[in-house]
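Visitor: What follows is the residue order along each chain.
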Amino acid sequence: MKYVDEFRDPAKARTLAREIRGLLATIERAHDRPLQIMEVCGGHTHSIFRYGIQQLLPDSVEFVHGPGCPVCVLPMGRVDDCVALAERPEVIFTTFGDAMRVPGSKKSLLKAKAEGADVRMVYSPLDALKLARAHRDREVIFFGLGFETTMPSTALTVLQAKAENIRNFSLFCNHITIIPTIKAILDSPDLQLDGFLGPGHVSMVIGTRPFDFIAAHYRKPITIAGFEPLDVLQSVWMVLKQIAEGRCEVENQYGRIVAESGNAAALDAIQEVFELREFFEWRGLGSIDHSGVRVREAFAEFDAERRFAMPNLKIADPKACQCGEVLKGVIKPHQCKLFGSACTPETPLGSLMVSSEGACAAYYQYGRIDTSGLKKKIAA
Amino acid sequence: MNDRANVVLLTPRRRASLRDTHVTLAHGSGGRAMRNLIEDVFLAAFDNPLLSPLEDQAVLPLAELAAHGDRLAFATDTYVVSPLFFRGGDIGTLAVAGTVNDLAVAGARPLFLSCGVVLEEGLPVETLRRVVASMRRVAAEAGVHIVTGDTKVVERGAADKLFINTAGIGVVPKAVMISAGNARPGDAVIVNGTLGDHGTAILIARAQLALEADVASDCRPLGGLVAAMLDACPDIHCLRDATRGGVATVLNEFAASSQVAIRIDEAALPLREDVKGACEILGLDPLYLANEGKLVAIVPPEAAPRVLAAMRAHPAGRDAAVIGEVGEEPRGIVVLRTGFGGERIVDMLVGEQLPRIC
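Chains as they are written, first to last, in my numbering: chain B, 72 to 451; chain G, 9 to 366.
The shape of chain B in the complex, shown without the other chains:
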């Protein structure tokens, strides 16, 4: 496939892997313990597992799978709110597909649908708006989910609804923002990270400047990375290069998509429709200040939270779940007591087991065999 295969070239991958091994040899720190690089975004986690990227790398560098899977960090109480909305007889509840399986305290949206709720999978918020136009007698609610990547399309949909004066459309806003969360992780006392792969598609919207504090204040190198396997490998190389040269900067590997200042039109739409919440609850990480957005007063008529009563309860994560430690890279997924026993993709307890971008599901699906043997074979 043109413009895709070029970024999956195995010969270039081998060259890059060789370069990375060479760099690692010059980094003294990497001799004592593996360097830990956190990929913030779930899209990277997906690529790393799908293409077997970790196996191309030596043991002295490893990935920590960060909090950037919006489905995975959704707290149970919010899923319960979704279910409560979906179960109202007048409501058509629309959602992205992979949010359907996320467990609430009693059930998932998939289960609510089986029990009779009108839950429909859409591919874009505009599809939800289309449903609202077609079903004037129903209330169509869109489950807005995701980081700055999906925020602009939701914002534009709300603007469109307002322009057309569509009264039976509203948004259940669960959009979250990545920067405060990275900051929370960096402030965590048990942190051992050596560098970051920055989220490429979030950066396409917000630009690279919001990440400056990571380098300036926390002294960690970060590379904004693309999602094809060669993008990921090259970005690892760039982070290691910074470490080897003692630099801490924000570098942009994904220049073909990401501009330093981001996308002004997208940012304007976000700014017009959304405002920061005081705090937002994250699964596994707890409450993080200013990490979520809500619909502004001016668009109150399109805000499901204002229009419908919801349980709005805070449900604690299951006690034995160690999603937080996994998210922060303190433990690996398979080191969690529940991994593969009580918590599996069939019966996920923690949300990291739910989405294919979740670290635990990815480990379970792609990584259960001992990969050390494979690694030797590929290196040889």
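Check each hint, because a few of them may be wrong.
Stated by the list, open to error - Within a straight-line C-alpha distance of at most 16 Å, the following computed EDC-like cross-link-like pairs (lysine to aspartate or glutamate) qualify: (1) K73(B) - E288(G); (2) K73(B) - E281(G); (3) K233(B) - E368(B).
What the hints assert, rightly or not - What follows is a set of in silico ranges between Cβ atoms, one per label pair, in the way DEER data are often shown: (4) P57(G) - E161(B): 52 to 60 Å; (5) R40(G) - R209(B): 41 to 49 Å; (6) R164(G) - K201(B): 21 to 29 Å; (7) E77(B) - E220(G): 21 to 29 Å; (8) E161(B) - G165(G): 13 to 21 Å; (9) R40(G) - G187(B): 37 to 45 Å; (10) E220(G) - P389(B): 43 to 51 Å; (11) G38(G) - G187(B): 28 to 36 Å.
Stated by the list, open to error - Facing chain B, according to a computed beta carbon distance under 7 Å, are these residues of chain G, among others: (12) D282; (13) G347; (14) F348; (15) R352; (16) M356.
Hints in this document: simulated from the structure, not taken from any laboratory.
All C-beta atoms, glycine included, are put in the ideal place defined by N, C-alpha and C.
Following the hints, put chain G in place on chain B, whose structure we already have.
Guide: Quick look at chain G alone, frame taken from chain B:
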């Protein structure tokens, strides 16, 4: 008009004709309306000596069956696809090809099918005729006869337009022993063409996506292809059609039943460019997408070139390819060598494949 009516009265064996434009509850009531529907729609299309007496059962001659082999293969499947029509096929082509293929992958020669339909009140008769015409065409292509059937009509809303069940009987030739448990280390893994076409065609036909691509379902009967493969190598170890759950699911079934490892090469998978593109956009894996005219075969390594050549010489196997091989460890696991040079496990799917958010 009077003359014609008289002719009908005087020749009672002449088939009844159906004037209704839509299916009503009367068509399922057992009376004249139902008879008209059966004769004018089903019998007119499927006509054969075993069906035309319209008894409550078809009576199959054992001698004819025994001439083909020493064991019967018997399979059933129910078809509820929505929408009814899509590029490359419809529920009728599926209903015949699907059950024929379930028989064929046992190495059986498919011979007879039943056809049970559940019709929703209000279904346009024209729609039913189109579907039945497809069934007739695919049955002829597959060399099977539809010899018995049943019609039910349910109230509007109690079914979605049209459901079809077909059961089929085929005969397995002596010495053919195909089973998911027969894979041996060293064996070659072969597919007969491009993967995921049907699943993609259905996704596009559902029109939920603003995606346009010229992908047609691969729906077709595979009895002829399997016969050609068995001619080339009577000792095919495993054979299964890769319908729901796709090739990944079939390979997992083989690996688990045979307690072997199966390694496949991403670069060797036959994939249409537009299927690849659709999967790329939606975050789907073509290995899990449904096919309706694709099978996975596991054959002894020395027979692989022969089988492959026989497949490529057949219209249903033109794009056949060896996609991997059977190994010993890790047992029960399917491993994919990525085009990028890494490896990953290809597991059974949990639930439905859901598109990723971003």
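Visitor: Can the restraint linking K73(B) and E281(G) be considered satisfied, given a maximum Cα separation of 16 Å?
Guide: holds, 9 Å
Visitor: Do the beta carbons of P57(G) and E161(B) sit within 52 to 60 Å of each other?
Guide: Roughly 58 Å apart at Cβ, these two residues keep to the hinted range, so it holds.
Visitor: The hint names G347(G) as touching chain B; please verify it with the least Cβ-Cβ distance against 7 Å.
Guide: holds, 6 Å
Visitor: Hinted pair, alpha-carbon criterion (16 Å max): K73(B), E288(G). Please report holds or violated.
Guide: With a Cα-Cα distance of about 12 Å, the restraint between K73(B) and E288(G) holds, given a limit of 16 Å.
Visitor: With 28 to 36 Å as the target window, see if G38(G) and G187(B) comply at their CB atoms.
Guide: holds, 34 Å
Visitor: If you take the shortest Cβ to Cβ gap from F348(G) to chain B, is it below 7 Å?
Guide: Since chain B brings a Cβ to about 4 Å from F348(G), closer than 7 Å, the hint holds.
Visitor: For the range 21 to 29 Å, tell me whether the beta carbons of R164(G) and K201(B) fit it or not.
Guide: holds, 26 Å
Visitor: I want to verify a distance hint. Is the separation of the beta carbons of E220(G) and P389(B) within 43 to 51 Å?
Guide: Given a distance of about 44 Å, which is inside 43 to 51 Å, the answer is holds.
Visitor: Take a look at whether the Cβ-Cβ distance between R40(G) and G187(B) falls inside 37 to 45 Å.
Guide: For R40(G) and G187(B) the Cβ distance comes to about 39 Å; the hint holds.
Visitor: CB of E161(B) to CB of G165(G), is that within 13 to 21 Å?
Guide: Roughly 20 Å apart at Cβ, these two residues keep to the hinted range, so it holds.
Visitor: Should the hint that E77(B) and E220(G) are 21 to 29 Å apart at their CB atoms be regarded as holding?
Guide: At roughly 24 Å between Cβ atoms, E220(G) and E77(B) fall inside 21 to 29 Å, so the hint holds.
Visitor: Holds or violated: K233(B) and E368(B), Cα atoms, limit 16 Å.
Guide: Holds. K233(B) to E368(B) sits at ~13 Å (cutoff 16 Å).
The earlier numbered hints that this structure contradicts are 12, 16.
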